[in-house]
Amino acid sequence: MNYNGFQELAATNQWSAIWPELSMAGIGLLVLCLDLFLPSSRKRLIPLVAIFGQLALLAVLVMGCGCATESTGPLFGGMIESGPYTPYMRAFFVLSSTLVCYLGVSYLSRQNLPRSEFYLLTIFVSGAMMLLVQSSNFVMLFVSLETVTIGFYVLVSYCRYSPFSLEAGLKYLILGALSSAILLFGIVLLYGAASNPALAQSTTDSMNFAALGKFIAATPEEPLVLVGAVLVLCGICFKIGAVPFQIWVPDVYQGAPTPVTAFLAVSSKAAGFLVLMNLVAGPFAALSKLTVPLLSAIAIITILFGNITALGQRNVKRVIGLSGIAHAGYLLVGVVAMAVGVALAPWAIIFYLFAYLFASFAVFGVMVHLAGVEDEIQEIDHYQKLAERQPFLAGVLAIGLGSLAGIPPLAGFIGKLLLFIAAFQAELYTLLGAAIIGVVISVYYYFGWMREAFFIKPALPGDEARPSYPMPGAVGIIHKLTLGLLVVITVLMGLFQRGIFGG
Amino acid sequence: MELVDYLPVMIQLLLAAVIAAAILIASHIFGQRARGNYASDSAYECGMLEESKPHPKFSVKFYVVAMLFILFDIEMVFMIPWVLIYRELLSVGILSVWPIFFFLGVLTLGLVYEMKKKGLEWER
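Chains as they are written, first to last, in numbering that gives the first Met the number 0: chain S, 0 to 502; chain G, 0 to 123.
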């Protein structure tokens with residue numbers, strides 16, 4: 000047997016290149032050890048360790064973002080390859096995970112649920128997402144994707160005593176497993192086609208994105224390749240909640256604990272999009288005749304479906320879920336523009352994801368504070384007269400929702416603008432039209448939510464019969480600071496974009 | 000491998016189907032007919048009346064232990080390739096010990112977690 004190959008592979012095992020992922024795993028293991036060995040009176044330390052550990056990691060990552068990042072080439076025998084977006088996405092996932100842990104603190108104490116496993120799973124899932132967006136091999140992609148998904152199965156059904164949470168967990172489990180199976184089947188077809196020695200450019204390393212890309216470029220008409228690529232794209236569309244694979248989104252978003260809903264909406268979606276970008280620009284680059292019309296059609300129906308179905312919803316978690324489908328549609332427009340070859344498109348997507356992160360967590364922060372013990376039943380009516388009773392929360396809500404709707408001068412507006420510019424450069428006028436119609440529709444339900452908080456409705460006959468919702472207590476100073484910071488960043492990202500991504 | 004090489008498998012599958020069909024058809028043709036009654040439909044337990052439902056409920060502890068067993072079993076499966084190739088890797092100067100020690104360490108931590116969370120206590 001030839002061991003030189005092993006030696007070459009071992010030389011690419013640069014553990015130092017994935018230090019952020021290793022640190023995430025380290026923080027997770029530390030939380031686990033603390034949970035095991037601390038006396039129960041000191042268990043309050045655990046969330047602090049989880050949050051401040053990740054904050055420290057985030058600080059180091061953000062400082063590293065400014066430096067020029069050299070592409071390291073394929074690592075671990077072609078399993079991992081960090082691209083130009085990797086530093087930003089690492090910071091994105093760590094930030095999102097920190098905020099989920101932060102929201103989890105108040106949520107878990109209210110629901111009286113076991114604490115440390117929540118932080119542990121969140122941190123591990125985020126670490127797996129950081130690996131997922133760098134994977135350049137289908138084996139690595141699938142393994143890290145499964146780490147993410149299995150973590151989410153537990154997190155979604157974390158509220159074990161709530162039938163809603165269990166129902167959401169079961170639905171997510173079944174549909175997630177189905178989507179993983181579809182994805183895997185696509186991978187297998189591609190693997191089989193690419194290792195067929197009768198075809199041009201066949202390869203022995205047919206799971207590798209680079210080798211697979213070369214093979215597909217040589218034989219783009221091979222039916223197995225086309226079917227495989229479509230199935231892989233379908234599997235990813237399941238994860239990002241694009242129509243027609245959106246069926247799980249509203250129920251799971253409603254039933255999952257609110258911090259987990261935020262985690263699903265922000266991190267899980269972002270990871271799915273980064274994978275989609277890697278695939279569309281990498282191995283499927285030669286298939287743009289297939290991917291562009293397919294993803295365009297999906298984007299149009301996703302935008303319209305998400306926005307139109309969100310119109311009639313009264314439950315705020317369902318509104319967020321369905322509007323999240325619409326956001327996935329806008330982002331798909333960016334992916335299509337990227338497949339056409341617009342250089343701006345990937346950066347527009349990343350900017351949009353960051354804007355979405357800050358705005359979503361502002362809204363979720365308000366939701367977690369206002370939610371009662373029954374977490375699933377958060378109706379829009381709960382927000383009545385919010386501006387009168389808690390003006391700070393109402394302001395945060397307004398800015399968060401405004402950014403999600405894309406109102407200038409907030410970050411969401413610039414994100415949408417960048418995506419639309421990318422679509423315009425790619426000459427995708429139909430998509431652009433659908434996206435603009437979608438944005439106009441979305442204003443209705445975002446502003447309906449805001450109206451509930453700000454404007455006092457005239458009393459109608461029969462209003463006395465409606466229950467009035469008790470308002471929770473005042474907002475703590477830390478919660479105020481966190482939400483204030485999110486809002487300030489949302490506004491600043493809308494005003495000053497230069498310097499965030501180096502232009 | 001050509002498709003022809005799988006012919007024995009095909010023959011075996013056909014044979015199995017033919018034999019099963021032949022037995023069923025033969026018993027249908029030659030067998031004695033009887034009207035079904037309670038006794039003939041019930042599960043046969045040495046002539047005794049059945050004592051419980053045919054699908055007994057297992058204690059959930061059984062599943063916990065079974066799951067833990069499968070977990071550690073599969074983790075052992077991951078070790079086997081490493082054991083087989085360890086010496087060769089060492090001879091070409093690749094240190095594969097520390098990664099596997101880390102892996103084992105995480106496993107041990109999982110075991111400690113299970114014990115601390117009383118996952119292995121039968122009487123509870």
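Derived from the structure by calculation, the hints contain no laboratory data.
Hints are supplied without guarantee of correctness; some may be wrong.
[As the list claims (entries may be wrong)] Below, in silico cross-link-like pairs of lysine-lysine (DSS-like), each with a Cα-Cα straight-line distance of 25 Å or less:
(1) S/K42 <-> G/K116
(2) G/K60 <-> G/K115
(3) S/K42 <-> G/K117
(4) G/K116 <-> G/K60
(5) G/K52 <-> G/K117
(6) G/K56 <-> S/K42
(7) G/K115 <-> G/K52
(8) S/K288 <-> S/K213
(9) S/K479 <-> S/K384
[To be verified] Estimated spans, in silico, between C-beta atoms of each pair:
(10) S/A209 <-> G/G92: 20 to 30 Å
(11) S/G25 <-> G/K60: 30 to 40 Å
(12) S/L29 <-> G/E122: 30 to 40 Å
(13) G/Y62 <-> S/F51: 31 to 41 Å
(14) G/V105 <-> S/R43: 46 to 56 Å
(15) G/L119 <-> S/A342: 55 to 65 Å
(16) S/I476 <-> G/E122: 39 to 49 Å
Keep in mind the model is a prediction, meaning the values are calculated, not measured.
In this text, a Cβ means the ideal position worked out from N, Cα and C, and glycines have one as well.
These are the hints, each one checked on the structure:
| no. | hint | verdict |
| --- | --- | --- |
| 1 | S/K42 <-> G/K116 | 15 Å, holds |
| 2 | G/K60 <-> G/K115 | 16 Å, holds |
| 3 | S/K42 <-> G/K117 | 18 Å, holds |
| 4 | G/K116 <-> G/K60 | 13 Å, holds |
| 5 | G/K52 <-> G/K117 | 31 Å, violated |
| 6 | G/K56 <-> S/K42 | 37 Å, violated |
| 7 | G/K115 <-> G/K52 | 36 Å, violated |
| 8 | S/K288 <-> S/K213 | 16 Å, holds |
| 9 | S/K479 <-> S/K384 | 19 Å, holds |
| 10 | S/A209 <-> G/G92: 20 to 30 Å | 27 Å, holds |
| 11 | S/G25 <-> G/K60: 30 to 40 Å | 33 Å, holds |
| 12 | S/L29 <-> G/E122: 30 to 40 Å | 32 Å, holds |
| 13 | G/Y62 <-> S/F51: 31 to 41 Å | 38 Å, holds |
| 14 | G/V105 <-> S/R43: 46 to 56 Å | 26 Å, violated |
| 15 | G/L119 <-> S/A342: 55 to 65 Å | 57 Å, holds |
| 16 | S/I476 <-> G/E122: 39 to 49 Å | 48 Å, holds |
Of the numbered hints given earlier, the model fails hints 5, 6, 7, 14; all others are met.
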